[in-house]
Amino acid sequence: MRDIGHEFLAQSLSKVIPLRPFLPELIVKGVQYRASDQVQLDIPTLSISGRGISVILGPNGAGKSLMIRLMHGLISPDAGQVTYDDLTVSGKGRARQAMVFQKPVLLRRSVSANLKFALKFGSTPKSELESKTNALLELSGLVGKKNQAARSLSGGEEQCLALACALARSPKMLFLDEPTSSLDPNATHRIEAILHHASVLGVRIVMVSHSMAQAERLADEVLFIAGGKLRDRAKSQDFFNGPTSVEAHTFLSGRLVP
Amino acid sequence: MLKWVLTALVMTIPSLAAADFIILQSTTSTQNSGLFAAILPEFEKETGIEVRVVAVGTGQALRNARNGDGDVLLVHAKAAEEQFVEDGFGVSRSDVMYNDFVIVGPANDPADVTISDSVDSAFQAISDAHAKFISRGDDSGTHKAEMRLWSSAGFEPREHSGKWYIETGSGMGATLNIASSMGGYALSDRATWLAFGNKGDLKVVFEGDPKLFNQYGVIVVNPARHPTVKIQQAEQFFNWILGENGQAAIAAFMLGGQQLFFPNAPNQ
Amino acid sequence: MTGFGDSLQLAMGLILSGDESLWAIVFLSLKVSLTAVAIAGLIGMPFGAFLAVARFPGRGILIVMVNALMGLPPVVVGLSVYLMLSASGPFGVLQLLYTPSAMIIAQVLLVLPIVAALSRQVVEELYGEYREHFLSLGVAGVRTIPTLLWEGRFGLMTALLAGVGRAIAEVGAVMIVGGNINHVTRVMTTTIALETSKGDLGMALALGVVLIVLAISINAAMSFAARSSARYAYA
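Residue numbers (our numbering), protein chains in the order written: chain A, 1 to 258; chain B, 1 to 268; chain C, 1 to 235.
It is worth saying that the hints were derived from the structure and are not from the lab. Computed from a prediction, not measured in an experiment: that's the story for all the values here. No residue lacks a Cβ here, since even glycine has one placed at the ideal position from N, Cα and C. Treat the hints with care, as some may be off.
[Claimed, not checked] Interface residues of chain C toward chain B, partial, derived using beta-carbon atoms under 8 Å:
1) 84
2) 87
3) 88
4) 98
[Said to hold, decoys possible] Which stretches of chain C does chain B cover? Using the computed rule of at least three CB atoms under 8 Å from a CB of chain B, they are:
5) 174 to 181
6) 196 to 202
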């Protein structure tokens, strides 16, 4: 992958994502999620608003993926509710959000057909379909491969395409579930760059990560989860300089969190 | 894809809109011997009516016609045919032609059927020897005739079903195939036997008893029961096959230099 | 008794000589069976997909039933269709008995459960892969069916192939509802049955060889098409 021109990325992105001065608020209220009679996740209250990148950190099995799935309305809590822009995320609220999965989900079609599919579901007017497709191809660095089968791309290219598809809907909030966990540094770099520019333009990013380094590079704030509970929430700098909770402290020092 | 499907659908329509035709419910013996292939083109040329032959056993042909699925019948089980007309399913019935049944069996004739002087003693010989006998067992004209012959000989062979008496439940040809491979005896109409291509070790072991007479009849299906019956064309066929040309055509049909069916329409 | 070698020779002779009545029979077989599969596909694929994605009471029972009907005996189907289309049956007025249309109807009923059951399997697997993604896009349940059918197009091709195989090799149903009428409803399998009953085993085997060659060709052509485009799409 060639070196990414940041200006070029920002330019391509601006054709899809408008500059948004205000962003809606996500509110989690009294949410509990149980599986086999055990509470997997318990978030009494949480609000995410404004611009920026929130990175969710935590040990394996802490409930990180569960949390963003609940916030995106892919699963429903057993108690409490999640709203976005005052709309429930299991209903209309989800339409203003998008999500990128750990393993990229792509249709068995060409690269540009994947983008067009996503654009159509984002109710893009027909007249803008071509120009937006081109912008997203530029963004994902796949202009030369637009007619190639999406599932024949490399892992990094696939995830870039999946991210472009998610952005095609011009979401106001974007969830990502460890999007770079199996990618090489080049692809990781491109995805991080896109996320950075998207957040500057007006996409609130909420991302689960396994990588402390990534969180340090990218995060404006860190949400630390352990044992299904939100243990810590702090500005990135503050979190890495000295978290308040014992669990986060233990986690950062590389030990097992109980 | 869709275009292809539509084209395929449209292709099926011409077969529905075919010209004038009648359905003739008939038996496998007349079909398999090649009789229809020989005589029907003449009728079609004379009248322009296509005859579509459904060749099944006589029993099934009569049942299909009872349901109204046919315009004319040409079968061979006189009692059942007369019953059919009496029950109001047929308009008129007439003898049309005859041939005879033969008993076929393995060339070495283990039951010594060949020396019998009557069909009764032939069946007795088979029964006494417990020699394999392959029966149609399908309620066809031949099967009905076979059952009549057994009871005339004083036997109820179905008591031995599955032992030496084998009921195939299939057509004449299939039954002959089984007789050929099992080395068993069977009753067959002569036409099917002569046209049969897989005789193997089989040969005719008994023939000539008057009881082996095999009468074919033709019946027009009653349109009062089933308005879909094409009565006019059906009667045309009825008259033709009983008339001079039809009878001559039947007489002229030869297989291997042998006449297979003998016309005997009454009003000739 | 004709040997297999002789029959093979007879078969090749028949095929190479372009025997007109043979080709008429082959063409009718293809017309009937491919039309039946096309219709069964148009109904069975969406229905199978529906069973895969929809959740309703009785779904489990319905799936078991569709799976069981895959093994429906052709003769039973033939008999049922005969009773429906017979002049004394409910659809007798349509006068479809002993026509290719009747044969198509019978084969649609035979093939439909196969296409539906296999389509359900294909789509259900895909649905597992795409469910959350579609939900994220705001599409759920039955509204995902068109996309899933397109995504599963290569797997569905196999379902259709299974249907073609069943239809073209089937004799019990078409014999009863078609009547094996020469030049009208005589197809390869009924001709084979007829030639066998005439004791003309050579001819019957020859036609059998044609049928097998044809089945292999259709399969090969379709799976070649599927595989080359599947490679393109990395399905």
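(message) Flag every earlier hint the structure violates by its number, smallest first.
(response) 1
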